[in-house]
Amino acid sequence: MKKLSDAAVSYGSRPIATSLVNGKTLTLAGFAAAIAYPLLDGNLYNLQLFTEIIIISLLALSLNILIGYTGLVSLGHAAFLGIGAYASTLAMQHVYPSIWAGLTASVLSAGIVALAIGVFCIRLSGLYFAMITLAFSQAFYTIAFYWDSVTGGDDGLIGIPRPDISLFGLTEISIDGFVGYYYFTLVIVALAAYLMWRILNSPFGAILKAIRENPERVEFLGLPVYRYKLAAFIISAAFGGLAGGLFAPFQGFISPELLYWTKSGETVLMTILGGIHSFLGPAVGATVLIFLRDTVLNYTEYWKIIVGSILILCVLFAPGGIVGFITARLSEIFKGASK
Amino acid sequence: MTILETRKLSRRFGALNAVSDVSLSLEAGEVRAIIGPNGAGKTTLFNLITGKLAPTGGKVIFEGADVTGVPAHALVRRGIGRSFQITNIFPRLSVFENILVGVLAGRGKTTNLFASLLSFETEAAEAREILDRVELGAKAGLPVSALSHGERRNLELGLTLALNPRLILLDEPTAGMSVEETASTVALIRRVAQSATVLFTEHDMGIVFSIADNISVLHQGSIIAEGTPEEIKGNRTVQVAYLGEEA
Ligand SMILES: Nc1ncnc2c1ncn2[C@@H]1O[C@H](COP(=O)(O)OP(=O)(O)O)[C@@H](O)[C@H]1O
Ligand SMILES: [Mg+2]
Chain A
2 MKKLSDAAVS YGSRPIATSL VNGKTLTLAG FAAAIAYPLL DGNLYNLQLF TEIIIISLLA
62 LSLNILIGYT GLVSLGHAAF LGIGAYASTL AMQHVYPSIW AGLTASVLSA GIVALAIGVF
122 CIRLSGLYFA MITLAFSQAF YTIAFYWDSV TGGDDGLIGI PRPDISLFGL TEISIDGFVG
182 YYYFTLVIVA LAAYLMWRIL NSPFGAILKA IRENPERVEF LGLPVYRYKL AAFIISAAFG
242 GLAGGLFAPF QGFISPELLY WTKSGETVLM TILGGIHSFL GPAVGATVLI FLRDTVLNYT
302 EYWKIIVGSI LILCVLFAPG GIVGFITARL SEIFKGASK
Chain B
76 MTILETRKLS RRFGALNAVS DVSLSLEAGE VRAIIGPNGA GKTTLFNLIT GKLAPTGGKV
136 IFEGADVTGV PAHALVRRGI GRSFQITNIF PRLSVFENIL VGVLAGRGKT TNLFASLLSF
196 ETEAAEAREI LDRVELGAKA GLPVSALSHG ERRNLELGLT LALNPRLILL DEPTAGMSVE
256 ETASTVALIR RVAQSATVLF TEHDMGIVFS IADNISVLHQ GSIIAEGTPE EIKGNRTVQV
316 AYLGEEA
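Just so you know, the protein sequences line up as chains A and B, in that order. The first sequence begins at 2 in the working numbering and counts up one residue at a time. The second sequence begins at 76 in the working numbering and counts up one residue at a time.
Don't read these hints as lab results, they were simulated from the structure. Source: prediction; values computed, not measured. Built from N, CA and C at the ideal position, the CB exists for glycine as well. One or more hints might be untrue.
To be verified - Covered stretches of chain B, as calculated for chain A (at least 3 residues, CB under 8 Å):
#, stretch
1, 142-154
2, 166-179
Claimed, not checked - If the Cβ cut is set under 10 Å, some of the chain B residues that face chain A in the computed set are:
#, residue
3, ARG87
4, ASP96
5, THR125
6, GLY126
7, ARG157
8, ASN163
9, THR185
10, THR186
11, ALA190
12, LEU193
13, PHE195
14, LEU234
15, ALA237
I would like the entire structure built from these sequences, with the hints used as guidance.
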């Protein structure tokens, strides 16, 4: 019996629509803690770290639409982070100095680029999909690196503003400070995560899971698998772009590094580390990985070795990632208690 | 009325003529069996009719329209459903989810991005009804991994029925089933056949003779005989080529 429930947990075979219900209280508690946090800890360095965690969590969550839900491992997801970051910066600096203009540009540009390259990528699957996404992302990296006049080349773009936001023209709110930008990020990411969750728990989301399990059979349910995958690719990219749109004003400057393949690799790592079979797993992975980097960097600059080792342990002993591991243990405890 | 027609349908794999010049004609409401030894080309023929494979020659006509080359998903939309010889379901979804996904697809609900899955009560009710029909009602909440081989075959069948096809192709629906499972599946096919046209392959001649209105005999890719069960039983060519020494 133990085997069965383990499989159920780590393969996410609980009813699609209820898979987050158990985690709902936890999620709300986490959100409440995130709201209270700046009031409890005045440390600005930590606040910045958390802002980064929130933004990168969105990036990992968006990647998991492909990896965990649709069964497509993209090795080029950072391209959308970068495209979103450049698009929002250029929009705010040259078109209209509003954060909304920036975020809209980041979402749209990432979505449009995803549509354009998705037409090629989506025809492939498995390793070939991974390779072509990697290739495209490196192409975008090269463009960002050499297109000096627009992207600032190697140096990137600096002086990225955090314009005040106006609430229905009634009042202006500054998000320029650490606390203001933290809350702004938290709200946007929470809304984006909720939207993603709705999408993944809709009939469309159920079809993505079915495609992950058996694309051929989905075809024989009368659905054009190709279009569903393409839609998933675009949605994933749009949310990834939004992460970029939040990241640029956060860091204040951007450079081509944002699109580099190691950044994509890191995003895949945090997604797997956290757990691809639960909605919030990738956010947990992002949190752990960024914390680790921050802590280990104090002792050695070779933090990637430590992180790599942890990932190996994770893959060997907790293939469902951190969240998968914890859920499995918890369900064992509860089953023991109910006997 | 003719629902399905194949005209000189052929498929080569290299030098092998897996299906050659097969011309079939099915009346709406008919139950037709395709029999033939392993390797005769039955599955390949199904793959050609359902758009899984492109023919190297010939045509497929469904409800009067030439559907040769139409992609598989579009043929399903037009009303052709199939089950597979090798069970082809969603292994890490629950039994209920497997069928629900089929019902949602059949009703064109799957482009809905924002409505909660829980709000599709009509579809959920239909999914439960289908599970009852294939005798899996009691196992709805289980993962597919908890099902026996025969139960998975039934789930496969249920997934096909979820789409309400007018023409149903069943590729060895009872393969590997126990005697009791076979009996209930045969009963189910009989019921399904009351409202749809059925084209099926089956190794058990008892089953074939008891449910088929007509039988086509496939041998090395070609149809060598066609007729009612009685005619096939008495056919010399078939006895020599297929029923062999037993006859
Ligand atoms: N995709 C394929 N590539 C090459 N040969 C194939 C393929 N599919 C089937 N065949 C060959 O075609 C012949 C018919 O196979 P099949 O249609 O599966 O027969 P049946 O279903 O009657 O047992 C066999 O000789 C088989 O090896
Ligand atoms: Mg076969």
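So which of those numbered hints doesn't the model satisfy?
As far as the earlier hints go, 3, 4 are violated by this structure, in ascending order.
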